[in-house]
Amino acid sequence: MTHDPGGTRTDRGTRFLIPLLVILGLTSLYPTFYSLYMSVFDWNWGQRFNFVGLENYLELLSSERFQISLWNTFVFTIGAVAVELILGLSLALVVNRLSRGAAVVRTLLLVPLMVSGIIVALIWKVILDPTIGPVNLVLRQIGLPPLGFLGDPAMGMASIILIDTWWQTAFVFIVFSAGLQALPREPLEAAEVDGAGFFARLRYVILPMLKPIILVILLFRTIDCMKVFAIIFGTTGGGPLTTTESVQVLAYRVAFKQQGMSLSMTAMVIFAAVVLVLVMAIRRAGRSENPVG
Amino acid sequence: MSQQPRLTRKNRQRLELSTAWGVAIIAIGLTLFPLYWLFVISTKKPVDAFKTPPDLIYIPDFSKYVEIWQQGSFAAAFFNSVIVVGLGVVLAIVIAAPAAYAIVRFRVRAGRWLALWLLLAYALPEFLFVIPMYVLYQQIGLFDTQIGLALIYQVFAVPFAIWLIQAFFSEVPRDLGDAARVDGCTELQSLVRVYLPLAAPGIAATAVLVGIVMWNEVTIALSLTFDESRTVTIAVASYRGYAAMRWQEMAAASVTAIIPMLIFALVAQRYLVKGLTFGAVK
Chain A
0 MTHDPGGTRT
10 DRGTRFLIPL
20 LVILGLTSLY
30 PTFYSLYMSV
40 FDWNWGQRFN
50 FVGLENYLEL
60 LSSERFQISL
70 WNTFVFTIGA
80 VAVELILGLS
90 LALVVNRLSR
100 GAAVVRTLLL
110 VPLMVSGIIV
120 ALIWKVILDP
130 TIGPVNLVLR
140 QIGLPPLGFL
150 GDPAMGMASI
160 ILIDTWWQTA
170 FVFIVFSAGL
180 QALPREPLEA
190 AEVDGAGFFA
200 RLRYVILPML
210 KPIILVILLF
220 RTIDCMKVFA
230 IIFGTTGGGP
240 LTTTESVQVL
250 AYRVAFKQQG
260 MSLSMTAMVI
270 FAAVVLVLVM
280 AIRRAGRSEN
290 PVG
Chain B
0 MSQQPRLTRK
10 NRQRLELSTA
20 WGVAIIAIGL
30 TLFPLYWLFV
40 ISTKKPVDAF
50 KTPPDLIYIP
60 DFSKYVEIWQ
70 QGSFAAAFFN
80 SVIVVGLGVV
90 LAIVIAAPAA
100 YAIVRFRVRA
110 GRWLALWLLL
120 AYALPEFLFV
130 IPMYVLYQQI
140 GLFDTQIGLA
150 LIYQVFAVPF
160 AIWLIQAFFS
170 EVPRDLGDAA
180 RVDGCTELQS
190 LVRVYLPLAA
200 PGIAATAVLV
210 GIVMWNEVTI
220 ALSLTFDESR
230 TVTIAVASYR
240 GYAAMRWQEM
250 AAASVTAIIP
260 MLIFALVAQR
270 YLVKGLTFGA
280 VK
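Chains as they are written, first to last, in numbering that gives the first Met the number 0: chain A, 0 to 292; chain B, 0 to 281.
Just chain A, with the same shape it has in the complex (with noise of 0.2 angstroms):
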């Protein structure tokens, strides 16, 4: 960047850009307003479409429906973000400490990641079957009385909590150990030194090294458990009753099945506003830090 001889330069560079605009603008700009503009209309996929100005983000925000949606998105990515945070950095601590076969352990916990959203619903939705599920057939056999899992609405949302844990703590897992090794070893032994324990090092050395890396991850995670569809789509489909009905589910739910056009998209924006607030919010915590944007 510093040695940039006049604004010839700069010109050219705008000429690579061109493609990723044109793509840009396309697939994230032409939609977001084309979403603007429906959203003020009544448009069912049928003839009719009237104007009816902010009637559908009236109807959409005193709807209890939307509330509980928007909530339970909340609910879910809160409650997976901390768990996989805390699981994930655990993880990294311990298998730092193996010094052979580190390698091997990493790679193996990787797998989950490589899964489409898809495959791991359907295949916890065998987990945690009340009949045919391996672990309602331990809890038999042990004695204990079968658990509801994805089918009760008082465990709806933690059973979906739990299968993205097995889904995603691996990312969180690799980024902490990717940021635990290139962390500098003086800093630590000083700490060791002067007598810290574990859990002084770790919070008055080690975390304050990883803050960008924690905002990093904290960032996609955030990002991709708003988003959260396959996982329920393919489980509960937002059951039982509206327990585990994410916005995103609401959405296909509006549009594809009962031709909502408008209304669904009216949820998207007002839900895209959220999601975006919230990215900038956690990038603005990280500015300077975070080599992302």
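Keep in mind the hints are simulated off the structure, nothing from the lab.
Listed next, with one range per pair, are the computed distances between beta-carbon atoms:
| id | chain 1 | residue 1 | chain 2 | residue 2 | range |
| --- | --- | --- | --- | --- | --- |
| 1 | A | 236 | B | 59 | 24 to 34 angstroms |
| 2 | A | 99 | B | 178 | 36 to 46 angstroms |
| 3 | A | 275 | B | 44 | 48 to 58 angstroms |
| 4 | A | 53 | B | 52 | 57 to 67 angstroms |
| 5 | A | 56 | B | 44 | 54 to 64 angstroms |
| 6 | A | 189 | B | 172 | 31 to 41 angstroms |
| 7 | A | 140 | B | 71 | 36 to 46 angstroms |
| 8 | B | 175 | A | 189 | 30 to 40 angstroms |
| 9 | B | 226 | A | 58 | 29 to 39 angstroms |
| 10 | A | 239 | B | 24 | 31 to 41 angstroms |
| 11 | B | 185 | A | 202 | 45 to 55 angstroms |
| 12 | B | 59 | A | 13 | 50 to 60 angstroms |
| 13 | A | 142 | B | 57 | 25 to 35 angstroms |
| 14 | A | 77 | B | 258 | 30 to 40 angstroms |
Not everything, but these chain A residues come out facing chain B in the computed CB check (under 8 angstroms):
| id | residue |
| --- | --- |
| 15 | 15 |
| 16 | 90 |
| 17 | 94 |
| 18 | 109 |
| 19 | 113 |
| 20 | 170 |
| 21 | 174 |
| 22 | 226 |
| 23 | 233 |
| 24 | 270 |
| 25 | 271 |
| 26 | 275 |
Residues of chain A placed beyond 12 angstroms of chain B at every Cβ, according to the derived structure:
| id | residue |
| --- | --- |
| 27 | 41 |
| 28 | 47 |
| 29 | 49 |
| 30 | 57 |
| 31 | 81 |
| 32 | 147 |
| 33 | 157 |
| 34 | 186 |
| 35 | 187 |
| 36 | 189 |
| 37 | 194 |
| 38 | 201 |
| 39 | 207 |
| 40 | 238 |
Even glycine gets a Cβ: it sits at the ideal position worked out from N, Cα and C.
On the provided structure of chain A, position chain B as indicated by the hints.
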């Protein structure tokens, strides 16, 4: 007396190491068990698949794998995915490589805004663009086509690819690019003759990772394909029949869909960490 502290320290370290191994082995067990169970379901005889208690030792029967390939619709979906991923990855690299080059080598005007746009495009919840694209694709004939799917996948693939390629390009010594320019190369030639060859392993790893994400994609494929260009993940989901779940076919199809991704991940193993950390960690 002087020996005792050293001994306890050694013992403590040994205890720590065996505890660490214990935790690691439990974690690996919990990670791999669901996949093992999937494989077991796909290879048992129908009468034995859900017998309680399950047989722990049995002779694997691969007839379900043969069956799903012979049905044709799974094979068609599998090859649809191959085509969508092929098209999508090529498109992503062709768009992302020059953009990453420009970001690394020049002070791009409004570069900060571009970085923000990439992040926000990546963060967009799928149905925000899927529903409008469904309407557009119906009108212009791209609905249920491989090219249509590969095109819309760029919304997440291009930002992802740019972050990675940017990280690989910034490792190329600046002087090499400058030397090429002095020797009379245009910027395009410097990209093609200096940067791309030097970052070739990184580009390949990027292609593999983008390909894995596309192969596994569900939300967009579910909404923008119907029959003709249904992808492998949607084919797996379709074994959920109206009356009952066809578990064994589903399991065999799932294993078939997972295996190529595991192979690709192993091939790109060296670069996997950088890829999974979005180029943020070396």
